Each structure stands twice: as C-alpha cells, then as structure tokens.
Amino acid sequence: LNPFEIPVKNAPSLLVIGCSAGGMDALLKILPALPREMPFATAVVIHLPPDSDSMLARIFGPKVRAPAKEAEDKEEIRANTIYFAVPSYHLAVEPEGCFSLSVDDPVNFSRPSIDVFFESAAAAYGSRVVGILLTGANSDGAEGLRAIVKNGGRAIVQDPKTAENSAMPEAGIRALTDAPDHARFILPLEGIAKQLQDPRSLIMENLWKR
Amino acid sequence: MRDSETFDIEIGLLLEGIYQKYRSDFRDYTKSSIRRRLALAIEHFGCSTASELQARVLGEPEAYDQLLRFLTVPTSEMFRDPDYFRAIREEIVPILMTYPSVKIWIAGCSTGEEVYSFAILLKEEGLLQRTILYATDINPLSLRKAEAGIFALDQVALFTKNYQKAGGKAAFSDYYDVTLNAAVFDPALRENIVFADHSLATDSVFAEVQLVSCRNVLIYFNRELQTRVFRLFYDALSLRGFLGLGAKETIRFSPMASGFDTFSERARIYRKKGAAA
Chain A
123 LNPFEIPVKN
133 APSLLVIGCS
143 AGGMDALLKI
153 LPALPREMPF
163 ATAVVIHLPP
173 DSDSMLARIF
183 GPKVRAPAKE
193 AEDKEEIRAN
203 TIYFAVPSYH
213 LAVEPEGCFS
223 LSVDDPVNFS
233 RPSIDVFFES
243 AAAAYGSRVV
253 GILLTGANSD
263 GAEGLRAIVK
273 NGGRAIVQDP
283 KTAENSAMPE
293 AGIRALTDAP
303 DHARFILPLE
313 GIAKQLQDPR
323 SLIMENLWKR
Chain B
-2 MRDSETFDIE
8 IGLLLEGIYQ
18 KYRSDFRDYT
28 KSSIRRRLAL
38 AIEHFGCSTA
48 SELQARVLGE
58 PEAYDQLLRF
68 LTVPTSEMFR
78 DPDYFRAIRE
88 EIVPILMTYP
98 SVKIWIAGCS
108 TGEEVYSFAI
118 LLKEEGLLQR
128 TILYATDINP
138 LSLRKAEAGI
148 FALDQVALFT
158 KNYQKAGGKA
168 AFSDYYDVTL
178 NAAVFDPALR
188 ENIVFADHSL
198 ATDSVFAEVQ
208 LVSCRNVLIY
218 FNRELQTRVF
228 RLFYDALSLR
238 GFLGLGAKET
248 IRFSPMASGF
258 DTFSERARIY
268 RKKGAAA
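Chains A and B, in that order, are what the protein sequence lines are. Position in the first sequence (from 1) plus 122 gives the number in the numbering used here. To convert, note that position 88 of the second sequence is 85 in the numbering used here; the numbers rise steadily by one, no gaps.
Please note that the accuracy of each hint is not assured.
Straight-line distance between alpha carbons at most 20 Å, and here's what the computed EDC-like set of lysine to aspartate or glutamate pairs gives [unchecked claim]: (1) A:Lys272 <-> B:Asp80; (2) A:Lys191 <-> B:Glu74; (3) A:Lys272 <-> B:Glu2; (4) B:Lys18 <-> B:Glu49; (5) B:Lys162 <-> B:Glu122; (6) B:Lys100 <-> B:Glu221; (7) B:Lys142 <-> B:Glu110; (8) A:Lys191 <-> B:Glu246; (9) B:Lys162 <-> B:Glu121; (10) B:Lys158 <-> B:Glu205; (11) B:Lys166 <-> B:Glu74; (12) B:Lys120 <-> B:Asp80.
Honestly, the hints are just simulated from the structure, not real lab data. Nothing here was measured: the structure is a model prediction, and the numbers come from that model.
Input sequences plus hints: build the corresponding full structure.
Written out as structure tokens, the structure reads:
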C-alpha cells in the first residue's frame, strides 16, 4: 500500500506568483528584484491568449538575475530558477518535487489556472510556499491563495489600490479574511519587490531557510 | 473538507481499492490532477469524503463506470497541434510509404479525434488501404464513442481550421455528413481501425508497429509510469520506428531517452534507434 507521501523534504522551497490583466508590467517590477543565488524556486502563472506562443522566458530572461525558463512536464524543480507556465496547459506541482502539465478543462475560464497551480503547490509543499497574487480582472487564484495559507504557507496580495486591475487582488483579500495576520500581507509592488530581495524578510523566512 | 494530508491518504486508499477490485491502475497518475478530479467526483456523487466515495465505488460497479469519466481525459480535437500532423504528413508518411504494410498505434485514443485525423491524412496520402490503426484506451465509454465516429457540430469549425493548417488536401466537409447537431464521419475511414481496450499502466505489447502516437496522455502519469510506458512503446516499435508525443511532452527527462533519437524536437517526434551499437 502506498498512499500519497508527505512533501519531499529535500526539494527547494517555492515562491509562486499569479496574475492576469496588467500582469506583464507588474512582473517587470518585481521579478528583477529576485536575488542571484536564490535558495528557493520561483514559478509564475500569467493568463495569456490560448494561441500565444510562450515568450515569457525570453522576455524576462535578460531582465532577471536567476535563470528563466518555461516549466516542463515532470521537470525537477530547482532552486535559483524562475519558471513560467506555458499557455493552454494547466501547470501543477507534484509532491515528488517536479512540475506537471495537463489539458484538463479550464478552471475559472483559465488554462493555466492560478487556482490549480496554487492548490497543487499548497498540497505538495505545505509551509514551504509563499504565494503572490497580483493584478487581474477575474478571481482566479483566490481559492488557491486560501489553500496555501491553510496548509501553513504565506500569502502576499498586491494592494488593489495600486493594481492595474483590482478584481483579482480584491478576491484574494476576501478569500483570506480568516487568515492569521502573520500569514497574510497586502503590499504595493515596490513593497513586494523589497521583500523578495531581502534575505531577512519575515514573510519570506521559510523560503530562505533550508 | 478534510485537511489535505488526510485527503491524500484517502485518495491513496481509494485508488488501491479500485486497482484491487477493477484492475484499473490509477496509482501512478499525477497527484495534482487525481486530487482535482476526485474532488469533482466527490461533489458529483454527493459524497463528503473520498472514503465515502470509495465505499460507493467498491460496492457498485455502475458507480465505478461513472467515476471513470472523471479519471480519464475525455476531450480532444481533430488535428490538434496542426504542426504535428503536418510533420507526420510531410516527413513521416514518405518513410512509411516504403513499407509494404504499416501498423500505427494511437495509444490513449479517448473519443477518437486523433485516430480519425490519422485516417483522413493517410487516405489523402494513399496509405490508408495498407495501414492498420490500433486505437486503444482504458475507458470503454470513450472507445464506444470513438467507434461511432460522431462528433458535436460545434467542434467542427475548430477541426476544420486545424485540418487546413495541418496541410489538408481536400474540403474537410468531404469526410462527414451533417445530421441535426452532429457530424457523422465516413464509416469507410474506420475500416482499417481496430478499437481495443488497453491499459498503458498494466497491459503489455500486442503488436509490432512503425509509429506510436500518444499525445497528452503521458502528462497525466508520474515519472515511474512514464518510464514504463516509454519502455512499452520502445518494445512495440520496429527498429527506426517513430514515437509522436504531445506538444509539451518530451522523452528527455526519462531514462528511456537513450533508446531514441530526436527526429523533430519542434513536432515532438522521436525515432527508435537502430540495432544496438
């Protein structure tokens, strides 16, 4: 008998980021803040038109300090790497410490869906996940953010007042109403960028310690 | 809702129960998708936990048939990823033409969109008459649907667009008749198709084939099961036979990669190596 095992302890911790409309500009403000030699992995889901070829790794590659690439099926998740979900496939995180893709039906009219991604990260990585939800015009990601906090991780939501589209961060904040204060943060992009680059950040502490 | 650790334990028990009772093995499917699918199924069955669903499914075979619809991927498109079919038409078919007879295995054929795409393509290239297409799946309902060759009319516009992009040589409408709200595909297309129940997780090789097309199936398997299936394909393929995968699938992360050459990384087509060096 082999029930699903608990999260692998040796895999690097995980920073997950979700955004939709307005997300490119927001990502350009925060991803460059990620340090060189980050001891955790970062993975980004952004809603894009279904037929668009994924250019994200190529767009962000020159602007970030860690290597950027598209997340591939069953690829081992490595520290110091920034991964991007490809359009038209759901991206998920497996307990074995790898990514998986799927062509299951869209969730919240979205594929990739931020909820699918965040919920899988929460289930697989427990307290070793920090989730960030940025600008967007729908509520995808809110349930996922709730799952992250429920499983011991932490959530950062872009301050809706500073977001190009406030619907997504507002939904995120609503979903976190019951979350404890130490697990829930609302910050403008500049504040998020500052946390990302600070090894002593309390919000990010679980990502920095091995 | 249970905490996720308990949920995972219950899912493990349910899948083990299904395996022991019905011999269908979902234990090595990716956990993230199984988790989501079972959450949907639990809701559909009006159960509150996976344990409750387990009792239902083990007690009632009809409930298991229903659950299969959640556990297997139901939908596809004809000529999905047109670049793939263009590569098959322009680069693989000319090689297959040199064989006196051809066998092709569509593994995990679901409701048949892909196997009809192949039949149309092979017909246009004059190869259909000497080809046998094996279309296999674990879901008997999907297989029955595939065999019927009837597809929803609202899908046909997309299929047509894909067909044209894939280098189709006729009018796509030549291949089906329209009824009230369905497209009924020409029965002649399936004269050389053999539909069969086959599990990639538990069954073995049944024929030697020159091409395996298995697309958007392997992404649902964990690495161990992927490796098993790649070995199965390796064993089924004749020397220098072809393996076609989904647009985001690769053999690269598998230990079986050494048995294959990359024929087209863009189209995700690999080729079994020749006699061992």
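Exercise. What are the numbers of the hints the structure violates, in ascending order?
Worked result: 1, 2, 6, 10
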